[in-house]
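Student: Residues per chain are reported as follows:
Number of protein chains: 2
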Amino acid sequence: MATFPDKASKFIDWYLEVVEAAELTDKRYPVKGMNVWTPYGFQARRQLDAVMIREIERTGSKPVEFPTLIPQTEFQKEKEHIKGFDAQVYWVTKGGATDLDIPLVLRPTSETAMYPVFALWIRSHRDLPLNVYQIVNTFRYETKTTRPFLRVREIHFFEEHTCQADEGAATERVRSNLSAFAKMADAFALPFVAIRRPEWDKFPGAFYSVALDIPVGGARTLQIGTTHHYRENFSGPYGIHFEAPDGTTRNVHQTTFGLSERLVGAIVAVHGDAKGAAFPSAIAPYQVVVVPIVAASGGEGVLPYANALAERLRSHGLRVHVDDSDERPGAKYYRWETHGVPLRLDVGRREAEAGTVTAVDRLGEKRSLGPTDLDTAIVAALADFDRRLRAKADAAFASSFSVARSLPELKDSSTVRVISWCGLEACGHEIETAIDGALLGVPEGRLPIDAGEPAPCIACGSTPARWALAGQPL
Amino acid sequence: MATFPDKASKFIDWYLEVVEAAELTDKRYPVKGMNVWTPYGFQARRQLDAVMIREIERTGSKPVEFPTLIPQTEFQKEKEHIKGFDAQVYWVTKGGATDLDIPLVLRPTSETAMYPVFALWIRSHRDLPLNVYQIVNTFRYETKTTRPFLRVREIHFFEEHTCQADEGAATERVRSNLSAFAKMADAFALPFVAIRRPEWDKFPGAFYSVALDIPVGGARTLQIGTTHHYRENFSGPYGIHFEAPDGTTRNVHQTTFGLSERLVGAIVAVHGDAKGAAFPSAIAPYQVVVVPIVAASGGEGVLPYANALAERLRSHGLRVHVDDSDERPGAKYYRWETHGVPLRLDVGRREAEAGTVTAVDRLGEKRSLGPTDLDTAIVAALADFDRRLRAKADAAFASSFSVARSLPELKDSSTVRVISWCGLEACGHEIETAIDGALLGVPEGRLPIDAGEPAPCIACGSTPARWALAGQPL
Numbered sequence: 002m003a004t005f006p007d008k009a010s011k012f013i014d015w016y017l018e019v020v021e022a023a024e025l026t027d028k029r030y031p032v033k034g035m036n037v038w039t040p041y042g043f044q045a046r047r048q049l050d051a052v053m054i055r056e057i058e059r060t061g062s063k064p065v066e067f068p069t070l071i072p073q074t075e076f077q078k079e080k081e082h083i084k085g086f087d088a089q090v091y092w093v094t095k096g097g098a099t100d101l102d103i104p105l106v107l108r109p110t111s112e113t114a115m116y117p118v119f120a121l122w123i124r125s126h127r128d129l130p131l132n133v134y135q136i137v138n139t140f141r142y143e144t145k146t147t148r149p150f151l152r153v154r155e156i157h158f159f160e161e162h163t164c165q166a167d168e169g170a171a172t173e174r175v176r177s178n179l180s181a182f183a184k185m186a187d188a189f190a191l192p193f194v195a196i197r198r199p200e201w202d203k204f205p206g207a208f209y210s211v212a213l214d215i216p217v218g219g220a221r222t223l224q225i226g227t228t229h230h231y232r233e234n235f236s237g238p239y240g241i242h243f244e245a246p247d248g249t250t251r252n253v254h255q256t257t258f259g260l261s262e263r264l265v266g267a268i269v270a271v272h273g274d275a276k277g278a279a280f281p282s283a284i285a286p287y288q289v290v291v292v293p294i295v296a297a298s299g300g301e302g303v304l305p306y307a308n309a310l311a312e313r314l315r316s317h318g319l320r321v322h323v324d325d326s327d328e329r330p331g332a333k334y335y336r337w338e339t340h341g342v343p344l345r346l347d348v349g350r351r352e353a354e355a356g357t358v359t360a361v362d363r364l365g366e367k368r369s370l371g372p373t374d375l376d377t378a379i380v381a382a383l384a385d386f387d388r389r390l391r392a393k394a395d396a397a398f399a400s401s402f403s404v405a406r407s408l409p410e411l412k413d414s415s416t417v418r419v420i421s422w423c424g425l426e427a428c429g430h431e432i433e434t435a436i437d438g439a440l441l442g443v444p445e446g447r448l449p450i451d452a453g454e455p456a457p458c459i460a461c462g463s464t465p466a467r468w469a470l471a472g473q474p475l
Numbered sequence: 002m003a004t005f006p007d008k009a010s011k012f013i014d015w016y017l018e019v020v021e022a023a024e025l026t027d028k029r030y031p032v033k034g035m036n037v038w039t040p041y042g043f044q045a046r047r048q049l050d051a052v053m054i055r056e057i058e059r060t061g062s063k064p065v066e067f068p069t070l071i072p073q074t075e076f077q078k079e080k081e082h083i084k085g086f087d088a089q090v091y092w093v094t095k096g097g098a099t100d101l102d103i104p105l106v107l108r109p110t111s112e113t114a115m116y117p118v119f120a121l122w123i124r125s126h127r128d129l130p131l132n133v134y135q136i137v138n139t140f141r142y143e144t145k146t147t148r149p150f151l152r153v154r155e156i157h158f159f160e161e162h163t164c165q166a167d168e169g170a171a172t173e174r175v176r177s178n179l180s181a182f183a184k185m186a187d188a189f190a191l192p193f194v195a196i197r198r199p200e201w202d203k204f205p206g207a208f209y210s211v212a213l214d215i216p217v218g219g220a221r222t223l224q225i226g227t228t229h230h231y232r233e234n235f236s237g238p239y240g241i242h243f244e245a246p247d248g249t250t251r252n253v254h255q256t257t258f259g260l261s262e263r264l265v266g267a268i269v270a271v272h273g274d275a276k277g278a279a280f281p282s283a284i285a286p287y288q289v290v291v292v293p294i295v296a297a298s299g300g301e302g303v304l305p306y307a308n309a310l311a312e313r314l315r316s317h318g319l320r321v322h323v324d325d326s327d328e329r330p331g332a333k334y335y336r337w338e339t340h341g342v343p344l345r346l347d348v349g350r351r352e353a354e355a356g357t358v359t360a361v362d363r364l365g366e367k368r369s370l371g372p373t374d375l376d377t378a379i380v381a382a383l384a385d386f387d388r389r390l391r392a393k394a395d396a397a398f399a400s401s402f403s404v405a406r407s408l409p410e411l412k413d414s415s416t417v418r419v420i421s422w423c424g425l426e427a428c429g430h431e432i433e434t435a436i437d438g439a440l441l442g443v444p445e446g447r448l449p450i451d452a453g454e455p456a457p458c459i460a461c462g463s464t465p466a467r468w469a470l471a472g473q474p475l
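Protein sequence lines correspond, in order, to chains G and U.
Position 35, counted from 1, in the first sequence is what my numbering calls 36; the numbers after and before it change by one each time, with no gaps.
Position 197, counted from 1, in the second sequence is what my numbering calls 198; the numbers after and before it change by one each time, with no gaps.
Just chain G, with the same shape it has in the complex (with noise of 0.2 Å):
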């Protein structure tokens, strides 16, 4: 059986023969960039967006849709943005064989959409906070080579759009969705870093962006979301104001949180190995796999014993796959292997008359299950492999980081690296030289590793200066 491309060392051809054999996606529809969500994909965005949908909705945000296609007038409102977004849009120009008075714009974020409804929506005091979020598809003209859910044209979105009365309360909606954010996180295993970028790397129209990264071996690293701060840049040309209290008219201060089907990509590259992809049981297609496995003499109790199985587990709340196609086991277990199915359990007519299983985990323990406590112990396991996945992860992260003390440490870095910069944008672009990458910015909160104590800026060598991260960004 195939075997895959070296992770270390070929990391993008590993990601993406993985990404294939796990048939996640399919990368054949005749426009580049925009993939087939396969039945097997669809299912673990499903469970991403389920994870997402509950922790933000903890926080009192509420689902809205907002419409798809953005009048170019509205698009061009707000500066910055516009400047950010101009060349990466699609344009709708003509409804059947008419040209539109007015081009409309494929949404490539919502900003643009929501904020002439938000200026309606918004009277008074009482009215905020709003907090909505939507998820949908976002298109970019991507001129960059495209990569199955890290680079793609039309891409599946999550984002969250808050009004707030002040700077005060707007720079606390950033640090709630932080940690929203962390447990969505927790549930995808996935440890994380929040950085907030350099003025030349945030988002076009915000006042700041704190980006949610993830180091992905190497010195690379995976942006797999946002949350941004945009004080009253938008409100101010959009019209987004309130009868404060005191009977002033004020704008509101607005924030955004955005999440990506990159998330899906980074649980592939953070957990993924030699034998293919990994799931965390709780977005896994499917957490368990019962292959049947029928000899040519006997066995007639076995394929029964195994849909019952799978059945009382189901009735747990597991998403269960009984095997059942007439592959040979060995083809069977590479197949879910791949697909990174966290447990799987071989059921023969030893185990039919037994009332047990041969459990196998996608880390690779393996463990004869019942036939006391048959189901509790098929649940302990998968938490078991949870627990062990998340250690591997954490292990992994640990060691993506160390610190660099001169600008030529940099180069062929090995690992992300934690530096000290002085905040100016001259040494900042002296460090992504040196590193060939990015200087992603300064952590919030505290570092991923100990750096000891503070030291000058490796570019100028000027004091005060900040612990900040460089990398490689994909």
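Some hints here could point you the wrong way.
Since the list gives no way to pick one copy over another, a pair counts as held whenever it fits inside one copy or between any two copies.
Said to hold, decoys possible - Below 25 Å or equal to it, Euclidean Cα-Cα: the simulated BS3-like pairs (lysine-lysine) are:
1) 63 x 412
2) 78 x 33
3) 84 x 95
4) 276 x 412
5) 28 x 8
6) 95 x 33
7) 95 x 28
8) 145 x 33
9) 11 x 412
10) 412 x 78
11) 412 x 393
12) 28 x 78
13) 11 x 80
14) 333 x 63
15) 78 x 95
16) 28 x 63
17) 393 x 184
18) 184 x 8
19) 333 x 28
Hint data in this document are derived by calculation from the structure and do not stem from the laboratory.
Chain G is already provided as a structure; the job is to place chain U on it using the hints.
Tutor: Relative to chain G, chain U alone:
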């Protein structure tokens, strides 16, 4: 407080005002016919989607998602289909400042997006049946007057696409779709009739089309879905074929099943009344609203009692809202009535002290519940409301049809008409002219009312003829 226009005599005015008052959508988005799903409307849609997903997955259909944009080259492969949609598709012609080599269509429906990929997925009879569905938005450059949910330019859409080994299996899938829809309609409390459309009104490219029609007062009907048999009409042009067990290569036979946000409109149209919208509890954004009534003096215990009650009901799986806004109780009653909430629970000091509630359902039934088995009594009150809402809809449905035995009788019909038709198109058009509407077609299965013995064609007088339905589709 505002009253609504008369539903019977001014249906569309009534409908528009009820949708507005119930805050199900915001029409003020700056593109005509593209509306905003408000938090309240989105919640109704979410429940609708959940019912659709549950019932279609029970039949073995799997979720997928295909891209929104379809290359012109693929879009034009099936001749009838393109003729049917050409005048009403949106065209993407530019990416950034670049003219696209091949213009892209925003999907009006996904046959032409999916079928090139189905041709890759299907190789052997073992790949059949292929039953997949997606819930996405579709786009139509509508030139007629747009109406929220009923006729919009961006449409929330459910579409199942299947490939079967032969015509019989495809016919069976159409039947299976009809019974899946019957289960959905049961949750929506929407009595419907499945009607095979006449040839001149079938889906572009279909072998035949069965529509799901709902009478909405007078002779008006609302088509809320369809299931189509395509035979080989698409599989030929798109090359979707398979190796049969006998080694021959055959085209698949295809079916589709489509439902849309019109269901939201249908629920408003069927269940709504002079007081506004009314939702069956399976679909209601909030199933229960608790209104704490706090008098100027006293009532300290009321809000905690209301909140604790709401928490308990939520733990039983109910969607509950506590309206603790500072509006007066009368304004709240009006609000939740227009919004169609099944059950309102008023709690004042007396109720809080006694451990009771005053329950008022959306059909006006008022009763004191508790203190014994309060939660159970509330759940039962909700079930009782659903039964009576359903009975009311069934009674309205039964009186929505009447037999007509001559063309002149069709003028100014006050119901949908049951008429006898020989099957000729010329006679069909005479009937359409007489009723100033459409020949809906011949019902699948039994007629919604008993029409007695077969009669000669209402237009030409010839026999044999079949009972058909004629009405005024919205």
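Student: The structure should be examined with respect to each hint, and the outcome stated for every one.
Tutor: Okay, the hints, checked on the actual structure:
1. 63 x 412: For residue 63 and residue 412, the Cα distance exceeds 25 Å both inside one copy (46 Å) and across copies (48 Å).
2. 78 x 33: between (30 Å within a copy, 20 Å between copies)
3. 84 x 95: Both: 24 Å inside a chain and 17 Å across chains, each within 25 Å.
4. 276 x 412: neither (31 Å within a copy, 72 Å between copies)
5. 28 x 8: Result: close within a single copy only, 21 Å intra versus 51 Å inter.
6. 95 x 33: both (22 Å within a copy, 15 Å between copies)
7. 95 x 28: Between copies only: 22 Å across, 28 Å inside.
8. 145 x 33: within (11 Å within a copy, 34 Å between copies)
9. 11 x 412: Within one copy only: 19 Å inside, 75 Å across.
10. 412 x 78: neither (42 Å within a copy, 53 Å between copies)
11. 412 x 393: Neither: 28 Å inside a copy, 76 Å across copies.
12. 28 x 78: Between copies only: 21 Å across, 36 Å inside.
13. 11 x 80: Cα proximity of residue 11 and residue 80: none, with 41 Å in one copy and 47 Å across.
14. 333 x 63: Between. Shortest inter-copy distance 21 Å satisfies the 25 Å Cα cut-off; intra-copy 42 Å does not.
15. 78 x 95: both (22 Å within a copy, 20 Å between copies)
16. 28 x 63: between (33 Å within a copy, 19 Å between copies)
17. 393 x 184: within (18 Å within a copy, 46 Å between copies)
18. 184 x 8: For residue 184 and residue 8, neither the intra-copy (28 Å) nor the inter-copy (49 Å) Cα distance is at most 25 Å.
19. 333 x 28: within (24 Å within a copy, 52 Å between copies)
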